[in-house]
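Build the full structure now, drawing on both the sequences and the hints.
Chain by chain, the residues:
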Amino acid sequence: MKSLRRFFTRLSGFAAGRREDQRWREEMEEHLAQQTADNLRAGMPPFEARRQAVLKFGAVEAIREQYHAEQSLPFIENLVQDLRYAARQLAASPGFASIAILTIALGIGATTAIYSVVDAVLLHPLPYPNPAELVRIEDDLPGVGAQGVGVSIPEWRDLESSGIFQSAAITGRGANVNLTGSAQPERLSFKQVTPNYFAVLGVDAQLGRTFDPHDSTPGYNLEVVISDGLWRREFGADPHILGKALLLDDDVYHVVGVMPRGFRDQGSTSEERNTELWLGAGFAGLPFPPPQRGLRLRSRVVIARLKPGLSIAAAQGHLDALVASLQKQFPADYPPETAWTVHLVPLGETVVGNVRQPLLLMMGAVGLVLLIGCVNVANLLLARAAARGREFAIRQALGAARMRLIRQLLTESLLLSLLGGIAGLAILFFTRKLLLQMIPATLPRLNDISINWTVLLFALGVSVLAGAFFGLAPALQAARLDPSHVLRQEGRGSKGSKNQKWTLDALVVTEFALSLVLLIAAGLLLHSFWDLFRVQPGFDPDRVMAIQTWLPGPNDPAADIYRTATQESVLLREILRRSRTLQGVEESAVGDRTALPLGHSHPTPLPLVREGIETMENQAPVIDSPIVSPEYFHLLGMSLLRGRLFSDHDLEDTPQVAVINQAAARTYWPKQDPLGKRVRLRLDAREQSSSATPPWTMIVGVIADARTESLAEAAIPQIYRSVYQHPAKDLAIFLRGQIDPAAIPDQARAMIQSINPELPVFGAKRLPDVVSESLAQRRFSMDIVLLFALTALLLAGIGVYGTISYIVSERTRDIGIRIALGAQRKTILHMILSQGLALALTGAAVGLVGAWIVSHLMAGLLYGVSPSDPLTFIGLTAVLVLVALAACYIPARRAMRVDPIIALREA
Amino acid sequence: MPEKPDVPQGTLALMVLKTLDLLGPLHGYGIARRIEQISGDLLAVNQGTLYPLLLKLEHEGAIASDWGTSENNRRARFYRLTRTGHKQLQTETSDWEQTAAIIARFFDVKAENLR
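Residue numbers (my numbering), protein chains in the order written: chain A, 1 to 907; chain B, 1001 to 1115.
Derived by calculation from the structure, the hints in this document are not laboratory data.
Incorrect hints may appear among the rest.
[Stated by the list, open to error] A few chain B residues facing chain A, derived, Cβ under 10 angstroms:
1) Y1051
2) R1074
3) R1075
4) V1109
Here a beta-carbon is modelled for each residue, glycine too, at the ideal position from N, C-alpha and C.
Dropping the structure here:
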């Protein structure tokens, strides 16, 4: 309390600049006058009386300082003084200052940029209140090797009433719906959710309401909540939107609410990010299948909000108990061999799981660059400190305390780093739009990346840390100087202390080690990317364009004009026929979204039941099953190995046939001939309302493996079926030929809508673009790391150049003597070069160890290259050593050319 | 000239407060004189150091000061104890007495008393 009051008085004194010198002088005068008077009275002569009074008073200046300090805050005053001095120092050597500030600015700017991404994506993945309570509930059947099998409706009800969760909601995976009735039919992405979905997320509507969490309509409740984006775009932010009827896939829904602007569905995949409609559904009545305990659907995702204060581990414990009791209660639905388990995953994890590693790698890489930058600035400062040795010696001799010197030097380096930080933020601020464009669109929460307070605070913290880091060594160095030694030596060619040389060497070695780590990481990523880029995809994307459409799927199956394959085939054959008349088109085919190569991140695999190994559907292995028209394989250049492809005679009423790829043959019929084998595939989302047992399908052909799922995966089992036997709603039309990519989307739209004007046409893409986009995220992390590695190499080169130059300039006199005594110039060159080489080799040795550790940590990001690939390790070490030698060569040549006469005379 | 002992840290403030308590408002020189007198000339206050201390006590609110006229008709600053200062003096006095008593007891102890 007392000291607080004193502090504030002093602070106000400091702030007001109030100087009570006047009072002090008057008091002192009064004191001395009285003392002198007393002394006179005691009989001293006047001069002596005054002298004794002054003596008794004490050291005036010291007391004045004390008095002054009492009035103000000496710490801040010193700081201001130091700052002024530091600013003058920097202004005095603008070259040094600008290089140092630029280095730091780049380091801090880049670090802050990456941090802003990490902050939005990894640290705040969920834009909902109390995100830590949100979990995703996943069901596995490890006994039969099935993961993420989804829940059945009775299971969901058990979870809801288990007491573990405040609430648990089912959401369908994102899907599309056609909005008709406006000028142009539109395809919108929607999600069917249980009415308590928004209650689980804890978000309310900005206009109207969300669904009533207690609504228990078994099927769709025909209410729709729309996104802010859709409201503004499609309805002009109409304030009277509530109650408006929307025609979605030919069903009428009523708008009940508009979500707030910032609301975004958590979306586990990039396709789901733009959900614009939410439909309330009970998942238990038409058009959904009946709620049987054994009927689990993969398309159902369960998210829940834990009871407050319940940890995930504790909740998992309760959940395990629930699972055990359900297994006892319904033994027929949970056979022990399937080993049904349910586990909780933090919801944030499901959103960022696959980007964490690349982001952390980038953060690490940029951190290393910043560190190298700091080391460079430390190098510069050290050299400067050596040059300013005389200044420090004199100040020490005049009585400056070591602490005070260290403080002053640290102030200088902090000023440097803060200026660098500000410059870095400025660069970041002006380039942020450009930088955001570099980020692949598949990154979750891309739109939430911003330069906010956390990011600014981070930049400030990093600046301070960096300043302290690169300022400490030079400051300690300067304070350790022995003034008498320095002053005596001065003028006779100062020679840095052993200690100082050691520090310089250590810094250069650090730089080399760090840049080698980065170089090798970048090299491995480049290698992986190159391998992927050159990989034979097994299909030919060249000159192929894909255009999507979506057939409506009304809730009442009887109202669906494309319900059966036969009904749909009329439309498809007409589309195919007319598309061949489009300009430049040579071939055309149709398929569903799963057949779209590399264009989807989440196919919904189907359970595969083989004849002879019959199991319950939800215990069968799952397989990707594209639906295609017979022309598909030829159009994409996928070759038939055995048997036959589909023909136009495989129709709905002829025996069901399928074509599999080699991987499926190897996996499911090892050492057998798959031709003629029969399987059953339950259609999940597409035929969800039919509960009849699907017919047997015979395998008639085997095609070569193609990397249509992911370029990184050589062989994923796939089973193809004909679109003339299985209707598909999510259609892609493939066109091959000399097509004008700018004109074809409109031509295709006109062509499709001339057949059915209610069909939306969207997503026209060239397949080669799709292929390169599928590598975008890898390319992004590779580009970033490569950029950082090259920066690091450059900085390290500059660092070694600076150090060797410094050593040479310090040893000019020494070299002059050697040459005068007859040393060969070549020997001098060797001497200097070998010094640089020794530093580079030491750094490389340390760096190799670091790189080995890092490359094994990032093994998950590599493709086709071992994390300890000897070629990369050796090759890049050689590059580093070469750069070091080149950087040393310039100062070494200068050393070789030293003229002994000049060197000796000047020194 | 025999060195006079320095004033121990912190006690000077206590002495100032006590002096002001006893004698009422005083100017700086007066306080210095009184302290010297009371301590029997044993404490040669490095008299100037009194002024930063007075400023500090004033900032802490223990004393207050005003310009006035000294006995020989000069302008001088007079210091007086405030209520806070009075309270501070009381607590510090009792603290000091307690410490002194404990130390005194230690000095009184003889070896045989501890057996």
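Verification of the supplied hints:
| no. | hint | verdict |
| --- | --- | --- |
| 1 | Y1051 | holds, 6 angstroms |
| 2 | R1074 | holds, 6 angstroms |
| 3 | R1075 | holds, 7 angstroms |
| 4 | V1109 | violated, 36 angstroms |
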